[in-house]
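From first to last, the protein sequence lines are chains A and B.
Plus 594 on top of the position in the first sequence (first one is 1) and you've got my numbering.
Plus 594 on top of the position in the second sequence (first one is 1) and you've got my numbering.
It is worth saying that the hints were derived from the structure and are not from the lab.
Hints should not be assumed to be uniformly reliable.
[Unchecked claim] Quick look at which bits of chain B chain A covers, simulated, 3 or more residues with Cβ under 8 Å:
(1) 596–604
(2) 632–644
(3) 984–995
[Claimed, not checked] In silico lysine-lysine, DSBU-like type, Cα no more than 30 Å apart, as pairs:
(4) Lys-923(A) - Lys-750(B)
(5) Lys-681(B) - Lys-791(B)
(6) Lys-891(A) - Lys-1145(A)
(7) Lys-1145(B) - Lys-996(B)
(8) Lys-698(A) - Lys-745(A)
(9) Lys-1132(A) - Lys-1145(A)
(10) Lys-614(B) - Lys-699(A)
(11) Lys-791(B) - Lys-750(A)
(12) Lys-698(B) - Lys-938(A)
(13) Lys-1119(A) - Lys-701(B)
(14) Lys-681(B) - Lys-614(A)
(15) Lys-596(A) - Lys-996(B)
(16) Lys-750(B) - Lys-699(B)
(17) Lys-698(A) - Lys-701(B)
(18) Lys-1145(B) - Lys-596(A)
(19) Lys-923(A) - Lys-891(B)
(20) Lys-939(A) - Lys-1145(B)
(21) Lys-596(B) - Lys-614(B)
(22) Lys-1138(A) - Lys-1247(A)
(23) Lys-816(B) - Lys-849(B)
From the three backbone atoms N, C-alpha and C, an ideal C-beta is built for every residue, glycine too.
2 protein chains.
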Amino acid sequence: MKPQNRVIIENVTPEINGGKYPAKRVVGQYLNVTADIFADGHDVVKADICYKHESEKTWQLASLTALANDAWEGRFLVEKQGYYQFKLRGWIDHALNWQHGIEKKVKDGQRVHVELWDGVQYIKLLQKNKEANAVHKAYFAHLADIFENAKEDETKYNEAVKEALSSALHHIFEQYPYQQFVTEYENNLRVYVDRKKALFSTWYEFFPRSASREAGKHGTFKDCENLLPRVAEMGFDTLYFPPVHPIGMAHRKGKNNATVAQAGEVGSPWAIGGKEGGHKDLHPELGTLEDFKSLIKAAESYGIEIAMDYALQCSPDHPYVTEHPAWFKWRPDGTVQYAENPPKKYQDILPIYFETEDWKALWEELTSILLYWCEVGIKIFRVDNPHTKAFTFWEYAIAEVKKKYPDTLFLSEAFTRPRVTHELAKVGFTQAYTYYTWRNTKAELIQYMNELSQGAEKDFFRPNFWPNTPDINPYILQSGNEALMLIRYFMAATLSSNYGMYGPVYEFNVHAAMPGKEEYLDSEKYEVKLWDWEKQTKTSILIKLVNKARKENAALQETNNFVNCPISDDYLFGYYKQSQDGSNHILCAVNLDPHNRRGGTIQVPVGKLGIGANETYIVHDILTGNSYQWRGEYNYVELDPYFLPFHLFRIEKMR
Amino acid sequence: MKPQNRVIIENVTPEINGGKYPAKRVVGQYLNVTADIFADGHDVVKADICYKHESEKTWQLASLTALANDAWEGRFLVEKQGYYQFKLRGWIDHALNWQHGIEKKVKDGQRVHVELWDGVQYIKLLQKNKEANAVHKAYFAHLADIFENAKEDETKYNEAVKEALSSALHHIFEQYPYQQFVTEYENNLRVYVDRKKALFSTWYEFFPRSASREAGKHGTFKDCENLLPRVAEMGFDTLYFPPVHPIGMAHRKGKNNATVAQAGEVGSPWAIGGKEGGHKDLHPELGTLEDFKSLIKAAESYGIEIAMDYALQCSPDHPYVTEHPAWFKWRPDGTVQYAENPPKKYQDILPIYFETEDWKALWEELTSILLYWCEVGIKIFRVDNPHTKAFTFWEYAIAEVKKKYPDTLFLSEAFTRPRVTHELAKVGFTQAYTYYTWRNTKAELIQYMNELSQGAEKDFFRPNFWPNTPDINPYILQSGNEALMLIRYFMAATLSSNYGMYGPVYEFNVHAAMPGKEEYLDSEKYEVKLWDWEKQTKTSILIKLVNKARKENAALQETNNFVNCPISDDYLFGYYKQSQDGSNHILCAVNLDPHNRRGGTIQVPVGKLGIGANETYIVHDILTGNSYQWRGEYNYVELDPYFLPFHLFRIEKMR
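With the hints as extra help, turn the sequences into a complete structure.
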């Protein structure tokens, strides 16, 4: 930057931690950029965005537009995976400023022959521009003549004024901008672009060992393969399994988290490692590596990706414990303290010691686990408790994997403090579990959705809404009220473009809880279950319909397009979503009261739809097939929880 | 930072443009620091602030305290002028974490002998600390023994538990912290400390050429000297003069901004430069350099500093125009466009060309003007229209001057767009004119005061409130209503610790305006005035009282301590201020309606005062001498604009 540079650029968004971390988008999305851009004085300021994909050499340009009070905005489309770099530039455009000055003086009735003459310098600059001069040679020569000689010749003066103020010349000035002292914003601005699934994914979770259709039989990868058509038919594209590795014997947990397991009890799959191996091995009862590869391949043919669990903890039997003692924190009595969050105890697992001096070998080995499974064919990892491992490790590991396998996605299981959750997203996690699981009232839901979609986190934190998980049987679902199960499911699937569910338990309405806790009674974490995979419930039928709607309506494939639609009832929650291209319009209305039919007036943001205040339009309920004719902003909805506690409307303009 | 570092520090305030610019304070103020600080997992995190003055080598420590959701806060006192650097540090404190873990387990009824044994490592570390061990040698040896042998000996176990949980040990751990992987926040954080006057100053402006007491006589520095007792008696500490340099003859302005001056007309003092010299010279009719020096010295003896006007523009007669043509932007007809903001025209001045290739010589010369007057004895500059000169220049010039004359203060005259005004403050201006001049309603005043005192600008932007200036005769004062004059004055002087007024016009209630404009009719900018300097008005008496109150009440010597006090009337505006040390409490109530007596209930923030909900206390009106006994939060005020439209209460607790 030269001392004569007069333009200031600051307060840029998205800029995460001063440019330390990239913003996030998926292929085909726009990156919206805002900044404050201004100069001293009153001269005309212009600004633009230069951007390029890491694989490209040439910068592309996107324009920035001035709003009120020196705020500017612009956007550009990201079309390739990987990093884009972008820069903001601003300059005083003396050519446009000259034009603007003449305009003001002419309006004020002043004679401007000196100003016209002064404009010759800008025409001369254009003449030096080979590209511009090739097209406009005669025009430029003419302008130079009339501007220079406007004083003597009244005809020339009048023509010169007309030309000086012409939009033709304005357009040429914009096309070949006068850029003398260009200020470039100094921070390193980047956006990391994932494949589309990072933003739009539909997860189903079950325990492979419960995949068998025979009582008393441990499920296998083959059994899982047989369930693929069912998962696909319901419309899921991601099938997530708890860990599929050998399970330790030492301190193995029994039914309902008993500290001593009975003979034959299977233990928690998160107690990874035993004599059969560790994180790179498969539990023998599930099958072989070949079986697993076959499952991955079969899933692919159904449009389903298998998501593995990446849980960085070890059963006391894990080979690491003897082979790499430096990776654990030993106490003077020769033991390692099992994982705990007092008074909670996880006797069957040892935490890994991330502060070890042997960190380099540890990090490389842990990363090699991910690379190993990527090689096998896995592209999605659900990461267990990432908030108890060093952020520096995640930044390293995720970057290493993405370098080689850029399609890889990481879902962070971090239901923890907001700053911690956000930091994990900043250092590289693609998606994250959220507090949705505990946001129940209308006010809570609106506040949380506004935070996610409009807060600073909107640019780096991609939510994935889960109404339940094997670890969380939320209080609101413990009654087993079917309407509540539907409501909590429906909102997860329509508020967030990424959502998931711990499936069989939800579909079949298993809801008994450990007394006073948000945990399942007789949790599948500690035992093999036999599910009736043929069974259809109201929930499973609706899942199928909602997942189909998600696939067919681009508005449901984003989260940050959430717009709250006020409804005149504290239990009625309405929201609107529009697809990026403006062609798809979804309106949802939910009755949060599972017991009573409720009605109210919903305020439709017709302005965003381009619908007039008195115009009529059709709202088509995708789930029931019913259509209604509405008019203008305020319309009536009524929802009966015993029939269906929500509307999923596609809005269709009548023009 | 090592890979094992687990603590994250981010979202630090004050941090201006990523640390590019310093925060601002004056000697004796605290710098409040906030940040988000956290680590993975649940271990105990500790953090502190290291700070030092630029002249010091040793870092001092200030503590940081955790609030909710990983937010932390701390503060340190700045005692010297110049730059302080500060750093934030955070670490996992394993010793405190060990103590905390034992506490949780003991509460849970667990036996902790292994944990006690494990604690020996922290005692050993303390033993290695010479300073700690010198004081606690026996204690440490005892602890090491009981912790190590707690398993075998029940008496030792019980004692070990007691000692492990003791606040004595906790205190020692805090005094000699366990700091293994300390994260240091990476951005360069600084605060620039000015002398106290930067925050607390009271300005009076008059034109020296109108200082004479004889009709038809051009005022002189000697006349100004004679007025010093008057200015001092009214309680002003800063006497600001419009430019005192030679005034150009070319295109000199006549009365009421006439484009042609009549013979003998004095012209605008802002049209600087003529055959008598330029910015380093004095207008001969005002007196000699010796006279000026004498005035500065005499003022000093009254506790008054003379503030000069630094106006970077040139009359066409200025020596620069011929000596340094490269500093002006010439047009092809051999003229320089006079300053203008179309349709406004300033025919008597030429703007300086900051984009010139000769920028270095230009900047040095312009800076040398400041240095010259500093040498003469000036320490305060009011800068004319800084928003029309490059920010880069201001950053350079102010830094250069402060290096040599650190006491120098710069007031920026920039009633312009918010971003521009803020940027001038960031690059170095000490104080700034504000929009106060146009904030009239209660809602506007509350919003503006909250912005100034709580917005991001609170750390770098110091407001100076002016109810009028020679350039601005605000619409609200054009009626000449005396109550309004008093109200607008009173709020300037009590809302903002820095305020100023274009004095004689205000005191003597001169209010006639150019029709339809916010300008004075027969403006003193273009003619010499004769003022009756003996005259006392209600306004001048109140000024004296208010200025005295400002000197005697530390709460009025800050601006960011503003707290709005709700009153049940849209025309009654209440606010509370507390001094930094908590000993001085000021409550103001203003009736914004100049025509009607109004009463209402004011909500006193008794919590901040340490006064109970039903406790009685005294509010003492400093202006009238009246005292009232109030009780609790809600109390009644009534204000008659024809008597006095405001209360200036000092709150006195009865204990």
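So, going through the hints one by one against the coordinates:
| no. | hint | verdict |
| --- | --- | --- |
| 1 | 596–604 | holds (count 6) |
| 2 | 632–644 | holds (count 4) |
| 3 | 984–995 | holds (count 5) |
| 4 | Lys-923(A) - Lys-750(B) | holds, 26 Å |
| 5 | Lys-681(B) - Lys-791(B) | holds, 27 Å |
| 6 | Lys-891(A) - Lys-1145(A) | holds, 22 Å |
| 7 | Lys-1145(B) - Lys-996(B) | holds, 27 Å |
| 8 | Lys-698(A) - Lys-745(A) | holds, 19 Å |
| 9 | Lys-1132(A) - Lys-1145(A) | holds, 20 Å |
| 10 | Lys-614(B) - Lys-699(A) | violated, 40 Å |
| 11 | Lys-791(B) - Lys-750(A) | violated, 60 Å |
| 12 | Lys-698(B) - Lys-938(A) | holds, 11 Å |
| 13 | Lys-1119(A) - Lys-701(B) | holds, 28 Å |
| 14 | Lys-681(B) - Lys-614(A) | holds, 18 Å |
| 15 | Lys-596(A) - Lys-996(B) | holds, 23 Å |
| 16 | Lys-750(B) - Lys-699(B) | holds, 18 Å |
| 17 | Lys-698(A) - Lys-701(B) | violated, 79 Å |
| 18 | Lys-1145(B) - Lys-596(A) | violated, 45 Å |
| 19 | Lys-923(A) - Lys-891(B) | violated, 73 Å |
| 20 | Lys-939(A) - Lys-1145(B) | violated, 63 Å |
| 21 | Lys-596(B) - Lys-614(B) | holds, 25 Å |
| 22 | Lys-1138(A) - Lys-1247(A) | holds, 27 Å |
| 23 | Lys-816(B) - Lys-849(B) | holds, 25 Å |
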